[in-house]
Structures are given as C-alpha cells and as structure tokens.
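Dock chain B against chain A, hints included.
The residues making up each chain are set out below.
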Amino acid sequence: MSEPGERPGFGFYRPGSESTTRSSEPDRPVEDAETDDNPPPVLANGAELDLSADEAWKQVDETLARLDAELVGLTHVKRRVREIAALLLVNRARQQFGLESSRPTLHMSFSGAPGTGKTTVALRMAEMLHALGYIRKPKVHTVTRDDLVGQFIGHTAPKTKEAIGRAAGGVLFIDEAYYLHRPENERDYGQEVIEILLQEMESERTSLVVVFAGYPDRMDKFFSANPGLSSRVPHHIAFDDYTHDELTQIADLMVAAENFRFDGAARRAFSEYLALRMEQPRFSNARSVRNAVERCRLRQAKRLIELDRPLTKDDLITITEKDVYGSSIFDAPESQTEEAGTDEDSD
Amino acid sequence: MYLHHGAFSYLPELTDDEIAAQVRYALLKGWPVSIEYTDDPHPRNMYWEMWGLPMFDLDEPDGVLTEVNDCRATFPNHYIRVLAYDASLGRQTTALHFLVQRPKNEPGFVLDRTERVDRRQGYSVRSYATAAPAGDRYPQS
Chain A
1 MSEPGERPGF
11 GFYRPGSEST
21 TRSSEPDRPV
31 EDAETDDNPP
41 PVLANGAELD
51 LSADEAWKQV
61 DETLARLDAE
71 LVGLTHVKRR
81 VREIAALLLV
91 NRARQQFGLE
101 SSRPTLHMSF
111 SGAPGTGKTT
121 VALRMAEMLH
131 ALGYIRKPKV
141 HTVTRDDLVG
151 QFIGHTAPKT
161 KEAIGRAAGG
171 VLFIDEAYYL
181 HRPENERDYG
191 QEVIEILLQE
201 MESERTSLVV
211 VFAGYPDRMD
221 KFFSANPGLS
231 SRVPHHIAFD
241 DYTHDELTQI
251 ADLMVAAENF
261 RFDGAARRAF
271 SEYLALRMEQ
281 PRFSNARSVR
291 NAVERCRLRQ
301 AKRLIELDRP
311 LTKDDLITIT
321 EKDVYGSSIF
331 DAPESQTEEA
341 GTDEDSD
Chain B
1 MYLHHGAFSY
11 LPELTDDEIA
21 AQVRYALLKG
31 WPVSIEYTDD
41 PHPRNMYWEM
51 WGLPMFDLDE
61 PDGVLTEVND
71 CRATFPNHYI
81 RVLAYDASLG
91 RQTTALHFLV
101 QRPKNEPGFV
111 LDRTERVDRR
121 QGYSVRSYAT
131 AAPAGDRYPQ
141 S
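Chains A and B, in that order, are what the protein sequence lines are. Numbering-wise (the numbering used here), the first sequence opens with residue 1 and increments by one. Numbering-wise (the numbering used here), the second sequence opens with residue 1 and increments by one.
Do not rely on the hints blindly, as some may be mistaken.
Okay, derived cross-link-like pairs now, BS3-like style, lysine-lysine, Cα gap no bigger than 25 Å in a straight line [claimed, not checked]:
{"id": "1", "chain 1": "B", "residue 1": "Lys29", "chain 2": "A", "residue 2": "Lys137"}
{"id": "2", "chain 1": "A", "residue 1": "Lys161", "chain 2": "A", "residue 2": "Lys137"}
{"id": "3", "chain 1": "A", "residue 1": "Lys139", "chain 2": "B", "residue 2": "Lys104"}
{"id": "4", "chain 1": "A", "residue 1": "Lys78", "chain 2": "A", "residue 2": "Lys139"}
{"id": "5", "chain 1": "A", "residue 1": "Lys159", "chain 2": "A", "residue 2": "Lys78"}
{"id": "6", "chain 1": "A", "residue 1": "Lys161", "chain 2": "B", "residue 2": "Lys104"}
{"id": "7", "chain 1": "A", "residue 1": "Lys302", "chain 2": "A", "residue 2": "Lys322"}
{"id": "8", "chain 1": "A", "residue 1": "Lys58", "chain 2": "A", "residue 2": "Lys139"}
{"id": "9", "chain 1": "A", "residue 1": "Lys137", "chain 2": "A", "residue 2": "Lys58"}
If you're looking for bench data, these hints aren't it; they were derived computationally from the structure.
Extracted from the complex, chain A is given alone in its bound form (with noise of 0.2 Å):
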C-alpha cells in the first residue's frame, strides 16, 4: 500500500521519467544503462576507445583503492582481483566494438589461513564485479554445509537450489567448501551438491559466481577428489598469511577504526605481543590481532575506572603499556594450554 506520490507509474518503468526507476532500483549496474533501450552503437574499426571513460572505470578504481585501503598486505590476491578487473574492462571494449566473446567463467576458490581476508575480499569482489557488469547485484550469499546438504534422501536438492537462487545475480560465497566432500561416507548427501553446483556452474545463462573458500591444506584434497570441480574453477587465489609487520599495521588500523590509539610504549609492547602469539598454536591471523585489541580496550577500561579521578578525552582514547603487558601471555609463556583456554579464541 504505497503512498500515491511515492511510486509515479506504480513502479514501472516509463521512457522519459528518469528518476521514477532509478529510485526504484538504487543500485543498478552501469551496464543496464546501455542495454534497456537502445544499444550503443558499434564503433567502427579505425576508432579509438579511451578505457578510462568508461563509467564502470571510476567505480572499480574506487572499489580497488578500498581493497588497497582497508586489506594490509596480500600482493598477489591484488593483483589477481586487478587482473580480473582489467579482463571484464577489456571485454568490455571489445563489445563496443561488436567483437562478440563467449563471457569469461570467473569461479573461484579462496585458501588461506582463518582471518586472511577471504571473507572481505569477496565481499570487494562483488562491488567490482557488479560495477562492470558481470553480475546484477553486489550481493555475497554465504553458506556453509548445512545450508546445502539436506537430512534425508531427496531433500538435498531443493535446498541447494534454494541457496542458488538466493544467490542468483551475486556470489555464492561457500565457506569451508571441503565439508562437502566426505570421503568416509559413502552414501552423504555433500557429492549431490557438488553435482547440483556443477550443473549451475555449467550452465552458459548463470549469471552466479561460485566461490569456494577454506584452509589450503584441505582444500587441496577436496580439490583433488573433485577434479570435475576444480577444472570447472579457472581461478585459485591463495591468501597468504600475514607476517609480523603486517599484522603490526592492521593492528593500527583495527585501533584507529575504533577511535582509539596506541602510545609509542604500548605499540612496541603489541609488537613483542604477536611475536609471541604467532608462535603458539591456533593463532588466526587478523581474527587473532582483532580479538588482541578487543582485550586491550577491556584491560584499558578496567585501569579507567581504577585511576578513580576526573578523565580526559586522551585518557579515553589510549592504550597505553600496561593494557597490552596485562595479557596472560607475557607472564605465563610455559603454561600455554591456559592461555589457549581462558584468554585467546578459540578457533
């Protein structure tokens, strides 16, 4: 029940009032543009296209100057996601051109570490995909394997073709992907999704990209006890973990975003801090330097309240010393089972 004024034409689209369905759909691709009415025309062949004209071109130098900004490190993930955006750019052209391509097949799979990035560079991935084009929406349906595989014989199916069509026109973003595949079982249901996945990824009118994602080491096996399905994906994008000084930066960046800084001591104590907590076991990279900070500010409100006196902004905002040498880690390096069960996450 829409107000009369709030909707001109019930929503439809009506040729000369512009804003009536730009309104309706705030986030259109660029390509609908050209393709609604009349297509552009084909440029002749003496003619000279200027890339940078493009309008998609603005969106995805910004969207790679945020993957730039907010992921530390990561050269080679970079310069994949830029290869790809040079691919689509380049396709791009040679359609204004009338020089008709199959489109590209861009399936990917994501292995890294746990807090690498694989979650946030999708996410990045589907703003630029989306801005050239390739996809209708810059949306990231995540499943896991209970989201696909079904409890008894004929209820797989429905449900991972209700996920697929959830993810219809944006990515289907499938985490810890090797779940999937049970070598152990025969009989489970995870071998019918991967069909069912196959089938979609086939297919020439999808216009869904599929992105597996997990820790290397299984995602390997699983590759390799699907070769059907890692042929099927062109791409494999490897996360590397983090080294110290990385994790120094995004431990900067972390604090910043939260309004908080580090003085020069406490900066120096958090280095010291992650040497040590990349030596011990289930350390997760960015996820491990978030939870970190998270402790510092609770060590940082705690010595607050004790200083029992008047505070000023700069108290509030920093973290000194003691808030980072508060950590069970620092006094207690032989009895790390403790640590691992009290202090640090636990994944």
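Relative to the frame of chain A, chain B by itself:
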C-alpha cells in the same frame, strides 16, 4: 476456448523474460512468490496444487524461473500460475497472479441447466476437461 485467468490474461502470452520482469517487480515490492498448477480450470477452483513451498528471501527472479521450468517439465499440459503474496498488515492477500502455462488444447466449458423447485432454472458451469479423472484431463497429443 482460451481461458482468461489472472493478470495479463488478455495480453499475448508472456515470454520468460517478461515473466522474470514481473517476478522482479513482485520481489522489489517484498512479496514472496510461489508457483501453483492444476488441471481443473473451473473459475471457482481457487486453491490449486502448490509446486514446492513459497520462495522467500529472493531478490532476483532466476530461482523462480528455474522452478517454473521444472514445473513445466513435470506437468507439460497443465495450467501453471505464479502468485505473489502481499503479507503486509491490511492486505494479507494475493497481490498478483498470472498464468505462465496452459494446456495445448482447451476444450472449454458447458453451461448446465437444472430445474429446481417451482420450475426455477439453476445454472452451473463445468469444464469439458473435468469429465476425465484428474491427471488424464489434458492428454499429451
């Protein structure tokens, strides 16, 4: 006899792209879409068989189109319609429904006259197709 049922029934049959556009309109409005089929075209037959469950949380019509095509493959000679349900308070009813498939051969309806008390005439409408048992009404020929 060409059955006019639901929205757009006086227009030429919708193509798949047009169906997708209509479904997208419903999804943009926030109406979950479902698919139903029947082989009893009587105008008072409003509860058709459901093809699967209503599809919630979609925002692109691809999933609906797949289901429509599955339904067409299973029932190539039935009536199939797409419904959009508006669940908002005050409406809570079907907001849009339209046919996406009809049998190749539609025999039409017969008008039955019955004589009731005091020689009054009663009228009823019956589809020729429903003379055959359900499932055999529109043989594939």
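Hint check results:
1. B/Lys29 x A/Lys137: holds, 17 Å
2. A/Lys161 x A/Lys137: This hinted pair holds, its Cα atoms lying about 19 Å apart.
3. A/Lys139 x B/Lys104: violated, 40 Å
4. A/Lys78 x A/Lys139: holds, 20 Å
5. A/Lys159 x A/Lys78: violated, 34 Å
6. A/Lys161 x B/Lys104: violated, 29 Å
7. A/Lys302 x A/Lys322: OK: A/Lys302 and A/Lys322 at ~11 Å, within 25 Å.
8. A/Lys58 x A/Lys139: holds, 20 Å
9. A/Lys137 x A/Lys58: Holds, at roughly 18 Å.
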